[in-house]
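Undergrad: Please construct the entire structure, taking both the sequences and the accompanying hints into account.
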Amino acid sequence: MRLRSLHIENFGKLSGTDMTFDRPMTVILRENGWGKSTLAAFIRIMFYGFSGGAKRSGLDNERRRFRPWNAGGAYGGSLTFEIDGHPYRIERIFGSREKEDLFQVFDEVTGKPTDVFTDRIGEEIFRIDAESFSRTVFTAQMDVSTSSTSVIHARIGDKSQTGGDMERYGEVKERLKKEQDRLTPDRKTGAISKTRERIAELDGILRGRRSAEDALKKLSGGIAECRRRKDEIDLQQKELAETASKMAESSDRMLLFQRYDDLLGAEKRAAQEAERLRKTFAGGIPANAALETMIREAGTLSGAEMTSFAEHLNEAETEEFNRLIRLFHAGIPEEQELDDLVEKSRRMEKMKHWVAEHRLTEEEEKRLAEGSAYFTAALPEEAEIRAAVGAWERLGKIRSEIESSEAARKALREELRRRSGSERRAAAETSNRIRRILGILIFAAGCAAVFLLTDAGASISRVGFGAAAALAGLMLIGLSFGGRKQQAEERESEEEFQELSDRVRTAREDAAKLEKTVRDFFYHCGMAYAPDRVSDDLYEIRSRAQDYRELLKQYKEFRNSGYEETIGDISAELTEYAQRHHMEIPEEGQWTETLVRMGKDAAEYRILSARNAGARKGREEIRERKARVEEYLRTLGIRPSEPYLNQLTDLRDRTRAYDRAESDFREARCAREVFEAEHEGIAKADRSAPVMSGGELGEKNARLEEEEERILAEKRRLESQAEALREELGRLDEAEEERIEETEKLEKLTRRYAVISKTAEYLEKAAERYSARFLDPVSRSFRKYYRLLTGEDGDTFRIDSSLCVRVSECGALREEACFSAGIRDMIGLCSRMAMTDAMYPGEKPFLIFDDPFVNLDDEKQERARKFLDAVSAEYQVIILTCHG
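FYI, the numbering for the sequence shown is 1 to 884, going by full-length UniProt numbering.
If you are wondering where the hints come from, they were derived from the structure by calculation, not from laboratory data. Hints may be right or wrong, so weigh each one.
As the list claims (entries may be wrong) - Derived lysine-lysine pairs resembling BS3-like cross-links, with alpha carbons at most 27 Å apart:
| # | residue 1 | residue 2 |
| --- | --- | --- |
| 1 | K516 | K397 |
| 2 | K758 | K748 |
| 3 | K178 | K194 |
| 4 | K238 | K556 |
| 5 | K188 | K600 |
| 6 | K366 | K352 |
| 7 | K99 | K352 |
| 8 | K350 | K556 |
| 9 | K188 | K177 |
| 10 | K366 | K344 |
| 11 | K352 | K617 |
| 12 | K600 | K617 |
| 13 | K758 | K178 |
| 14 | K397 | K410 |
All of these numbers come straight from a predicted model, not from anything done at the bench.
TA: In structure tokens form, the structure reads like this:
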């Protein structure tokens with residue numbers, strides 16, 4: 001592929017620039033500031049279009065950077081190139097936006113537009129993207145160092161079937177990297193790390209499970225022991241009942257005494273038990289209702305403490321809460337008001353963006369003022385301008401036709417003068433008449449001779465002589481008519497002369513009308529009519545009118561939008577709001593971010609404030625409850641100690657035991673009194689010693705009942721504690737299930753992370769194996785060019801599978817950045833050429849070098865010339881420089 005020529009209409013500081021490239025190496029030697037880099041950029045942009053379109057900076061946004069310095073004329077140009085021996089021409093006209101750009105490719109052979117290429121012509125011809133083009137074929141100023149891309153890798157290995165895969169290698173690698181970052185166990189934000197933290201939390205919760213299970217097992221054993229002892233007492237009571245049944249068979253008297261003694265013993269034991277239990281209450285026996293109230297109060301303390309702990313702010317939250325307190329010391333902003341202001345701020349940003357795009361620049365305002373001054377009389381419509389231009393063009397054509405017609409008239413006039421006047425025409429007519437008569441006579445004589453000689457049987461020679469005489473007569477007759485033909489030609493010339501005269505007269509009338517139209521147009525525009533520069537004036541009027549009309553439309557649209565006033569109102573409202581809330585006034589364009597952040601801070605402040613208040617209220621409530629419980633215990637003569645619930649439940653058990661003992665005592669006394677009433681005088685009756693004392697039997701039975709009651713109380717206490725432990729174990733079971741789920745999730749995430757990591761590793765290895773196939777030719781090509789530049793073999797250079805160049809120095813591989821600017825530039829040039837050789841083994845592209853040897857010393861500069869000579873033997877080279 002070769003460049004043939006280019007034409008720059010307007011591009012940056014270059015205007016009306018034409019250049020041809022008809023040699024293997026074209027050196028463009030110009031002084032600093034001429035526009036060499038602009039010219040190089042023009043060639044690149046003609047193939048690839050502008051870069052940095054989304055950037056606002058004039059240096060980063062090429063469309064703005066290369067906007068013509070000359071305000072008039074089109075922004076763009078054309079470039080002619082040759083590929084596979086066939087010439088094409090690219091034409092690009094750039095607008096203020098990409099959608100306004102005009103692009104067309106012409107076939108130079110036919111001169112017609114062709115659809116062989118699209119506006120992505122650079123990628124279609126070179127088969128690389130713009131970035132790869134700038135790292136190989138195109139060497140920009142002060143950008144000699146280079147590196148490879150996935151597209152370069154794919155292009156170098158284009159002969160394989162994996163070229164398309166290599167083009168997507170970078171994209172796939174980036175996606176795998178993002179997934180690794182999402183799953184990584186090495187950062188807190190990674191899914192694996194988060195899952196491990198949750199499992200650790202659950203392990204901490206489950207750490208008390210074993211002790212809880214052991215305690216439940218111990219309680220279950222205690223409950224089983226209580227059941228066993230209860231069964232033993234039931235058996236002993238059964239034996240006593242059998243003994244009593246046997247004693248019932250003795251005399252009724254002994255039975256009555258025994259029964260009476262039992263009642264006395266039961267009453268005595270009940271009184272003793274009630275007294276014993278009453279003595280355990282140093283501060284008096286508590287009321288059951290009050291005691292139950294205190295038990296419930298103590299029972300809720302644990303839940304309140306857990307709630308208070310959950311609401312309690314940690315150190316980081318406390319620090320954040322203190323910051324928010326200082327931030328909102330003037331009051332918390334209302335959520336709805338903030339939302340309204342955020343919406344207004346976003347609206348203001350959109351309006352600012354619109355204003356920035358539609359506001360006239362200083363240069364455009366200057367052009368608008370110049371247009372207003374230029375069209376002081378009237379601004380002609382486009383139709384009027386087209387009519388004036390058309391009239392002037394037709395006037396030019398008519399004047400050309402008049403000149404041609406005048407020249408033809410002059411030639412005809414000379415021809416008519418050349419021909420003689422009336423005397424010579426009359427003489428010629430007489431001569432022709434004589435010839436005609438003589439010819440007739442000779443023809444008649446010849447014919448008669450032929451007929452007579454034929455009848456007379458004359459010889460053929462004599463007859464032939466007569467025929468010849470007749471033929472000569474015919475020739476004389478023919479010559480006599482030649483004069484008539486000349487007369488006819490003269491008449492036709494006169495008619496043509498008259499027709500030309502009429503045509504000239506009509507054309508002059510039309511020319512006068514057209515000139516009047518053009519003169520009236522200039523008068524209407526308030527401008528002088530100068531025939532020698534009408535074309536230039538009309539072109540200037542059309543250009544200025546079009547530019548002025550567009551600027552005027554943009555100015556009116558901007559002025560009528562009212563956005564600046566609205567922006568001012570919203571900005572004032574936001575500033576007033578910020579001052580009212582003691583906010584720091586943000587930098588220009590940061591209102592939305594500041595307000596959204598303030599909204600988040602306000603929401604966080606409400607949450608932390610509510611939690612802090614809840615924690616404080618919980619602590620107050622806990623202190624109050626503890627105080628009530630402790631005061632209650634002190635009134636009963638009990639020294640408070642946590643856990644209070646154990647003290648209170650023990651007190652409740654003792655109170656219930658005392659109530660039962662009192663009830664038993666009353667029942668025993670009532671039974672004795674009833675028995676004495678039924679058997680009057682039994683208390684004073686004389687009785688002899690029975691065979692077996694009923695009192696002993698009663699005492700033994702009472703001891704068994706007392707032991708049974710004690711066992712049942714112990715069993716109830718153990719069952720209550722076991723039920724609490726079962727509830728706790730139920731919660732631990734839920735935590736255990738969650739831990740199992742989290743563990744399974746961790747295994748899945750770990751497996752996925754391992755698969756992703758291995759995939760990335762294998763992908764990297766595959767890319768390295770793929771790249772290793774062309775490392776050898778690339779390395780050889782690199783050393784070849786390095787030898788041309790330096791005269792050295794370049795054996796110390798190593799190129800890896802990523803096409804990165806390192807230098808072996810002092811026993812270690814050094815990065816390219818460790819060396820001087822000149823060495824780096826030489827490495828960059830050789831790398832570019834090596835990659836270009838590998839990408840284009842067949843038809844070679846042109847190469848553009850924009851002052852690539854600026855950092856080389858004099859010796860290297862001389863070798864650089866030889867380098868260029870060698871390169872230009874295979875490539876078309878275009879080098880732009882300010883050095884000889």
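Undergrad: Hints first: check each against the structure and report whether it holds.
TA: Status of each hint after checking the structure:
no., hint, in the structure
1, K516 with K397, "16 Å, holds"
2, K758 with K748, "15 Å, holds"
3, K178 with K194, "17 Å, holds"
4, K238 with K556, "115 Å, violated"
5, K188 with K600, "23 Å, holds"
6, K366 with K352, "22 Å, holds"
7, K99 with K352, "22 Å, holds"
8, K350 with K556, "19 Å, holds"
9, K188 with K177, "17 Å, holds"
10, K366 with K344, "34 Å, violated"
11, K352 with K617, "49 Å, violated"
12, K600 with K617, "25 Å, holds"
13, K758 with K178, "14 Å, holds"
14, K397 with K410, "20 Å, holds"
Figure legend: structure checked against the earlier numbered hints; hints not met, in rising order: 4, 10 and 11.
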